[in-house]
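Novice: Single-letter residue listing:
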Amino acid sequence: MYAPQILIEAALNGLMTGAVYALIALGLTLVYGVLHIINFAHGALLTVAMFAVWGAFALFRVDPYLAMLGIVPLMFGAGYALQRFVIGPASHGSDNNVLLVTLGLSIVLENALLALFRSDTRALDSDAALQVVELGPLLLSTPRLIGFAASLAVTALLWLLLNRTDTGRAIRAVAREKLGARLVGIEVDHVYAVTFGLGCACLAVAACLLMPTYYVNPRSGAAFVLVAFTIVVLGGMGSITGALVGGLIIGVVESFSGLLLGDSLGQIGIFLIFILVLLVRPTGLFGARA
Amino acid sequence: MLEVTGLRAGYGATEVLRGIDLSVREGEIVAVLGANGVGKTTLNKVLSGVVSARAGEIRFDGQPIAKASASSIVEAGLIHVPEGRKIFPNLSVRENLVLGSYRRGRARRAENIERVFTTFPRLRERAGQAAGTLSGGEQQMLAIGRGLMAEPRLLILDEPSLGLSPLLVEEMFTLVRTLNGQGLPIMLVEQNVVQSLDLATRAYILENGTVALEGDAATLAADPALRRAYLGL
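Sequences listed follow chains A and B, in order.
The first sequence runs 1 to 290 under the UniProt record's numbering.
The second sequence runs 1 to 233 under the UniProt record's numbering.
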């Protein structure tokens, strides 16, 4: 058996990774909960954000955490514009169309990145990834600790936004009652676009938190989004709490199955959970019953 | 206050409103009556900018609003409390009221919530509860309360008595009279002909997307044709 110190470290590492997963799932679940569409472009948009972080560092030596200040508003704006001027108008009010439009969008984005950057894998050439914090007998990676704290902070901010501001209340109102929302003067198209923008902003934060320890190539977003789908299903489609709790659980599961089965099989545990949830509790942990 | 002339609207190939003329003046309760499917709800949706008009004119306070967006119509103070309530089931009662002042009346939000709670004490008791868990009558109160939060200059009530017990219907009509007594013009869209005529200043009877009868509510109530068609007398 493993020493307790290794198990604790594995659990903490899982929680730290899981928090960033949760952030990615958050964007997905928010868009699903309000627009009732699965955003197939989520992965490609994450890749775009990761390239932006890499580019800012490679070209201008901008610290990835500092880059958040620019990349988050940019991604919000890009998401807003995509929904308002591309996805919304192209869907003509049909959810099936939206599915195809976002799928098409992901193909366009991925191939544009391929054309620009080739399929090479790139990482930030800094030693930030190697820094550790000593916590008693435990060694924790500094960037992942930062990622953990920032992910929790962003989740809390998003919760506050949704529950304590008019914009947030309007988002939740539109999610369930569109006509009622229009009759109190809420512009549904605007709210949709803001929601999509927030989803993209979550991706931007995640990208800034990931890049110090991770790498990017035109397909890297897709791997994360696969995990994010599992989290959304586990936590319950459309639930913010579900995304956070689901993300942390999935992070820990991945970490332990990696420890027990080896790195290359680490993700088996995740998909085992995915199948189990679908079989046993299809609404997820926090999902509303249809 | 509200002037509608030659209004036409519909969905796809179906024309639902075939040239409606009606008006609501300051201080009035105007009843718009008719059986199911004559276009009452469509009329309301066109007035509030949710469905677009195909022809005709709508003036609110002298301003043309036939092509205006739903949000700018709310901003002007023409507030529509829809059929089926359309409250936000996943939000608390208080949040529903807060969103009532999303576009208009934001400055006096706290005061107005207090006023709605005074009018509907039941809503105060349930302020923190999800609106979807309210009873039908309470949801109707909430829908009207949410409408009042926008400080309406004209209130359209679509079938406020639908699905309520006779006692609650009575309460609802009393409320309409009270609100009107405070100076609020109301357009009351109803299937409930007897009680609506009793309450209203004037009334319009819709049939097949046009106005079949109109006039003073008291006169209409005595009209033999109407008594035959709607009251079975």
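Just to be clear, a hint being listed does not mean it is correct.
To be verified - Simulated crosslink set (SDA-like; lysine to any residue; CA at most 25 Å straight-line):
(1) A:178 x B:164
(2) A:178 x B:218
(3) A:178 x B:22
Unchecked claim - Covered stretches of chain B (chain A as the covering partner; in silico rule of three or more C-beta atoms under 8 Å from a C-beta of chain A):
(4) 58 to 71
(5) 83 to 89
(6) 98 to 105
(7) 119 to 125
Worth flagging that the hints you see were computed from the coordinates, not collected in a lab.
Every residue gets a Cβ at the ideal spot worked out from N, C-alpha and C, and that includes glycine.
Novice: Each hint: holds or not?
Specialist: Status of the hints after comparison with the structure:
no.	hint	verdict
1	A:178 x B:164	24 Å, holds
2	A:178 x B:218	38 Å, violated
3	A:178 x B:22	28 Å, violated
4	58 to 71	holds (count 3)
5	83 to 89	holds (count 5)
6	98 to 105	holds (count 6)
7	119 to 125	violated (count 0)
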